[in-house]
Amino acid sequence: MTTATTVVDVHGLEKTYGKANERQYKALKDINFSVAEGEFVGIMGASGSGKTTLLNMLSTLDTPTKGDVIVNGHDVTKMRGNQLADFRAQEVGFIFQDFNLLESLTAEENIGLPLALKGTASKIMDQAIHEVAETLSIADLLQKYPAELSGGQKQRVAAARAIVHHPSILMGDEPTGALDSTSARELLDLLTTINQKQAMSVLLVTHDPFSASFCQRILFIKDGQIGSELKRGSQDRAAFYQQILNELGTFNE
Amino acid sequence: MLGKLALAGIKNRRRDYLVLLAGLTMSAAIFYMFANLATNRAFIKANAVVSQASLIFGFGAVLLILITVVYIMYANSFLLSMRQHDYGLFMMLGATRKRVGELVFLETLILGTIATAIGIVLGLLMSKFLVGFLLNMLGLHLAHLSAFYVPAIIATAVLYVGLFILASLFNLIRLTRTTVLKLLHSDEQANQPKVKPFRQLIQGTLGIIFLAIGYWALAAITTLQMTAIPLALVTITLGTYLLFRATILVIIRGLRRTAWAKKHLNGFLLGQLNFRVHNYTRMLTIVSLLFAMALGAITVGSGYHRQLPMMAKTIGTYTIAVHDKTPAEQKLMDQLHVAYTATYTQKRQGKAVYYNGDEIAKQPVEQQRYKKSGQPEAHLYTQSLKDFKKSGTQDMDFMALALGKIGAYTPKILSAEQFAKQTGKTVTVTTIRVKDLQQDLKPLKQLNKLENKRFAAPASMTVGSYQGYEMMNGFFGGLEFMGYFLGIAFLAMLASCLMFKILSGAPGDQRRYRMLYKVGVRQNLMRWGIAKEIGILFLIPGIMGVIDVLFGLQMFKPLMGAPMSPYLGIGSTFLIFIGLYVIYYLITLALYWRIVLPKTTTD
Numbered sequence: 001m002t003t004a005t006t007v008v009d010v011h012g013l014e015k016t017y018g019k020a021n022e023r024q025y026k027a028l029k030d031i032n033f034s035v036a037e038g039e040f041v042g043i044m045g046a047s048g049s050g051k052t053t054l055l056n057m058l059s060t061l062d063t064p065t066k067g068d069v070i071v072n073g074h075d076v077t078k079m080r081g082n083q084l085a086d087f088r089a090q091e092v093g094f095i096f097q098d099f100n101l102l103e104s105l106t107a108e109e110n111i112g113l114p115l116a117l118k119g120t121a122s123k124i125m126d127q128a129i130h131e132v133a134e135t136l137s138i139a140d141l142l143q144k145y146p147a148e149l150s151g152g153q154k155q156r157v158a159a160a161r162a163i164v165h166h167p168s169i170l171m172g173d174e175p176t177g178a179l180d181s182t183s184a185r186e187l188l189d190l191l192t193t194i195n196q197k198q199a200m201s202v203l204l205v206t207h208d209p210f211s212a213s214f215c216q217r218i219l220f221i222k223d224g225q226i227g228s229e230l231k232r233g234s235q236d237r238a239a240f241y242q243q244i245l246n247e248l249g250t251f252n253e
Numbered sequence: 254m255l256g257k258l259a260l261a262g263i264k265n266r267r268r269d270y271l272v273l274l275a276g277l278t279m280s281a282a283i284f285y286m287f288a289n290l291a292t293n294r295a296f297i298k299a300n301a302v303v304s305q306a307s308l309i310f311g312f313g314a315v316l317l318i319l320i321t322v323v324y325i326m327y328a329n330s331f332l333l334s335m336r337q338h339d340y341g342l343f344m345m346l347g348a349t350r351k352r353v354g355e356l357v358f359l360e361t362l363i364l365g366t367i368a369t370a371i372g373i374v375l376g377l378l379m380s381k382f383l384v385g386f387l388l389n390m391l392g393l394h395l396a397h398l399s400a401f402y403v404p405a406i407i408a409t410a411v412l413y414v415g416l417f418i419l420a421s422l423f424n425l426i427r428l429t430r431t432t433v434l435k436l437l438h439s440d441e442q443a444n445q446p447k448v449k450p451f452r453q454l455i456q457g458t459l460g461i462i463f464l465a466i467g468y469w470a471l472a473a474i475t476t477l478q479m480t481a482i483p484l485a486l487v488t489i490t491l492g493t494y495l496l497f498r499a500t501i502l503v504i505i506r507g508l509r510r511t512a513w514a515k516k517h518l519n520g521f522l523l524g525q526l527n528f529r530v531h532n533y534t535r536m537l538t539i540v541s542l543l544f545a546m547a548l549g550a551i552t553v554g555s556g557y558h559r560q561l562p563m564m565a566k567t568i569g570t571y572t573i574a575v576h577d578k579t580p581a582e583q584k585l586m587d588q589l590h591v592a593y594t595a596t597y598t599q600k601r602q603g604k605a606v607y608y609n610g611d612e613i614a615k616q617p618v619e620q621q622r623y624k625k626s627g628q629p630e631a632h633l634y635t636q637s638l639k640d641f642k643k644s645g646t647q648d649m650d651f652m653a654l655a656l657g658k659i660g661a662y663t664p665k666i667l668s669a670e671q672f673a674k675q676t677g678k679t680v681t682v683t684t685i686r687v688k689d690l691q692q693d694l695k696p697l698k699q700l701n702k703l704e705n706k707r708f709a710a711p712a713s714m715t716v717g718s719y720q721g722y723e724m725m726n727g728f729f730g731g732l733e734f735m736g737y738f739l740g741i742a743f744l745a746m747l748a749s750c751l752m753f754k755i756l757s758g759a760p761g762d763q764r765r766y767r768m769l770y771k772v773g774v775r776q777n778l779m780r781w782g783i784a785k786e787i788g789i790l791f792l793i794p795g796i797m798g799v800i801d802v803l804f805g806l807q808m809f810k811p812l813m814g815a816p817m818s819p820y821l822g823i824g825s826t827f828l829i830f831i832g833l834y835v836i837y838y839l840i841t842l843a844l845y846w847r848i849v850l851p852k853t854t855t856d
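Keeping their order, the protein sequence lines are chains A and B. Under our numbering, the letters of the first sequence match residues 1 to 253, in that order. Under our numbering, the letters of the second sequence match residues 254 to 856, in that order.
Accuracy of the hints is not assured; some may be wrong.
Quick look at which bits of chain B chain A covers, simulated, 3 or more residues with Cβ under 8 Å [said to hold, decoys possible]:
| no. | region |
| --- | --- |
| 1 | 518 to 526 |
| 2 | 771 to 779 |
Just a few of them, taken from the derived set where beta-carbon distance is under 10 Å, the chain A residues facing chain B [said to hold, decoys possible]:
| no. | residue |
| --- | --- |
| 3 | Asn-82 |
| 4 | Ala-85 |
| 5 | Val-92 |
| 6 | Leu-105 |
| 7 | Ala-116 |
| 8 | Ser-122 |
| 9 | Asp-223 |
If you are wondering where the hints come from, they were derived from the structure by calculation, not from laboratory data. The beta carbon of each residue, even a glycine, is placed where N, CA and C say it ideally should be.
Given these sequences and hints, build the entire structure.
Below, the structure written as structure tokens:
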């Protein structure tokens with residue numbers, strides 16, 4: 001279905017909560033999709049639609065009941081223990097709604113963490129940190145602790161940490177959820193820049209139509225199933241935003 | 254309804270509560286045991302032969318109360334850290350502050366009262382069995398020791414319940430002053446301590462000066478007398494605190510700049526320590542002092558235990574002398590590990606006792622020579638019969654082989670023929686020097702008893718260095734016991750203090766390790782990181798404590814005169830003590846892992 005190489009390939013993914021003899025709840029039912037290299041894909045859905053569960057499966061924080069998840073050639077569902085940790089550390093970059101910065105470390109140390117885990121030499125590490133800090137214009141914040149940063153600044157530091165080790169995919173779970181509208185817009189512009197300049201695939205989970213309008217393609221998820229799909233094509237962002245709103249209006253009926 | 258909710262909250266964390274309850278119970282039990290010893294007048298009077306003993310008891314009691322206060326403070330903060338999220342939730346659900354306040358107050362008080370009650374019962378049992386066991390192991394007998402002593406029960410109950418009421422009030426005030434939101438998000442905010450080089454330098458210098466004064470005071474206890482201990486306590490506490498404040502942060506800062514800090518979780522570890530150590534300085538100081546006191550007490554106690562036989566050895570050239578041995582005594586003598594033995598025939602007449610020269614030539618009498626300094630020489634020596642006749646007969650140990658009601662008989666040595674003709678009461682006496690007094694304590698004790706029975710005082714004074722050992726044991730036994738007892742009590746409490754302080758930081762760390770998990774840190778790496786972090790927090794006061802002890806033992810030099818020394822053979826005591834400390838570390842670590850490490854699959 002895609003011409004370029006795929007970064008994420010999901011086949012027949014199912015997730016059921018609850019034990020076999022208890023009342024079970026199917027959070028995800030037969031999900032199939034893929035993300036091409038360099039693509040900016042959004043996953044939209046209301047609360048409880050299963051979008052965070054899906055992201056947790058993709059990022060190996062949770063294990064699926066059935067189906068395959070292949071990220072950059074690795075079959076995630078077959079990994080165990082340390083493999084999973086290493087996979088998260090090397091292949092995936094994360095941006096969370098609540099930043100997830102370690103407040104006992106400076107911004108620089110936070111950003112350097114994925115590289116430190118790999119055992120990168122400190123010179124190369126410093127270089128990489130400063131490069132990414134330039135890109136995200138946070139070079140002057142490096143020596144500060146998270147407590148001294150604003151929400152928008154924190155999220156930019158978190159974004160820097162997510163991409164410093166050049167993961168094959170950047171995943172965001174409502175990254176603008178805790179930001180004011182200006183900071184949110186700045187972050188989304190930043191993600192677009194990262195996506196375009198570094199050709200990094202981005203997977204964004206959100207319920208906010210504005211955030212979603214920055215994507216190239218949007219998957220709508222409802223009650224654990226992918227309901228429909230929207231492509232931005234050549235329209236500008238404002239028009240795509242309208243299209244999303246319209247789609248949501250019918251989708252949620 | 255709220256009460257039910259609170260109970261459910263406790264049930265969910267019952268294992269944490271069990272740890273807390275167990276710690277508090279142990280503390281109350283230890284306090285009861287000590288109060289039982291310290292307030293029992295009859296017991297102290299009977300055993301405080303050494304004037305310092307009652308003083309040490311009083312001092313120990315004050316220290317124990319201080320430690321208990323600190324201990325309950327930390328235990329309480331652990332309790333609060335576990336509960337504040339729940340309380341915040343209750344308030345958010347609309348419970349009034351007053352109602353939640355009541356809950357907090359009651360919960361703390363009930364927990365405290367239960368711990369105190371169980372603690373006293375446990376203390377009673379421990380006094381009965383453990384103290385008996387300890388005394389038995391040390392071969393001591395302390396008079397007038399009873400497990401059940403009402404004033405001690407009252408003292409323990411009043412102190413503990415009083416402290417818990419204070420703790421409850423403290424919790425009440427703290428909870429009602431904090432906003433609901435802060436309770437819900439009680440995760441500690443990182444306040445980054447600033448490094449001010451000049452101030453740090455002054456602090457460091459002052460710290461070292463204070464420590465030097467303290468150590469000097471301990472060494473100069475003979476001149477300073479009573480003021481030495483309080484002076485040392487204050488200066489060493491201040492010195493340790495200042496030194497910690499001045500150095501630890503600087504070291505961590507320094508390390509953070511190195512390339513090492515950029516490998517794996519090292520940077521995270523240093524970051525954690527950086528904002529931990531600042532809050533922990535006070536606690537680390539107290540713990541290092543407790544460590545020193547516990548280790549010091551045990552070292553001194555075991556020092557007495559190990560060195561009394563050595564001391565006794567210099568009292569006489571033979572361990573025991575048996576007169577006209579009976580078959581029963583022979584049986585006991587066969588059990589001894591003999592280094593040297595001799596049997597002489599005596600004929601006592603008038604004021605003189607006659608020996609057969611042949612016997613003495615064949616089995617020369619071992620004698621002790623003294624150096625100019627008054628110290629005994631390491632090895633005994635013997636003389637030829639000719640020399641012995643001249644000077645050896647004046648030897649006190651030799652003279653003591655024949656004691657009468659009016660004192661020692663004058664020894665005279667005859668040739669074999671003359672001796673055969675000599676009239677008088679014939680007595681055979683066997684002297685035995687054992688290889689190791691400690692090894693043969695049991696048969697020696699029985700032999701001594703039999704000998705004393707047959708030859709009533711003052712003749713019983715004749716039986717050699719074992720007799721001296723028994724006397725000294727009675728004399729120093731109280732000190733020795735105190736040393737062990739206080740040492741174990743201090744160790745138990747200090748380690749629990751550290752444990753609770755560290756554990757009360759665990760809920761905050763939970764979030765941090767969850768983040769690391771998400772970012773892709775291996776489980777093993779996190780385990781190691783935690784082990785290192787907590788290890789360092791245990792190590793710092795440990796090192797300081799060992800240094801304190803090494804200097805502090807000076808204090809006991811006057812009490813443990815040559816050939817005893819407070820420093821002799823401390824290695825094994827240190828090892829055992831450190832072993833116990835390590836066990837505490839491992840328990841803390843296991844608990845921490847359980848609280849902090851994220852489960853491998855998500856909720």
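Hint-by-hint comparison with the structure:
1. Counting residues of the region 518 to 526 of chain B whose CB falls under 8 Å from any CB of chain A gives 6; the rule of at least 3 is met.
2. With a cut-off of 8 Å between beta carbons, the region 771 to 779 of chain B has 8 residues touching chain A; three or more are needed, and the interface restraint holds.
3. Taken as an interface hint, A:Asn-82 checks out: its beta carbon lies about 5 Å from the nearest beta carbon of chain B, inside 10 Å.
4. Interface hint status for A:Ala-85: upheld, as the beta-carbon distance to the closest one in chain B is roughly 4 Å, under 10 Å.
5. Interface hint at A:Val-92: satisfied, since its Cβ lies 7 Å from the closest Cβ of chain B, which is below the 10 Å cut-off.
6. Because the beta carbon of A:Leu-105 sits about 4 Å from the nearest beta carbon in chain B, less than 10 Å, this interface hint is met.
7. Nearest Cβ of chain B to the Cβ of A:Ala-116: about 5 Å, under the 10 Å cut. The hint holds.
8. Restraint check, A:Ser-122 versus chain B: the minimum CB separation of about 4 Å is within 10 Å; hint holds.
9. Interface hint status for A:Asp-223: violated, as the beta-carbon distance to the closest one in chain B is roughly 20 Å, over 10 Å.
Violation of the numbered hints given earlier is confined to hint 9; every other hint is satisfied by the structure.
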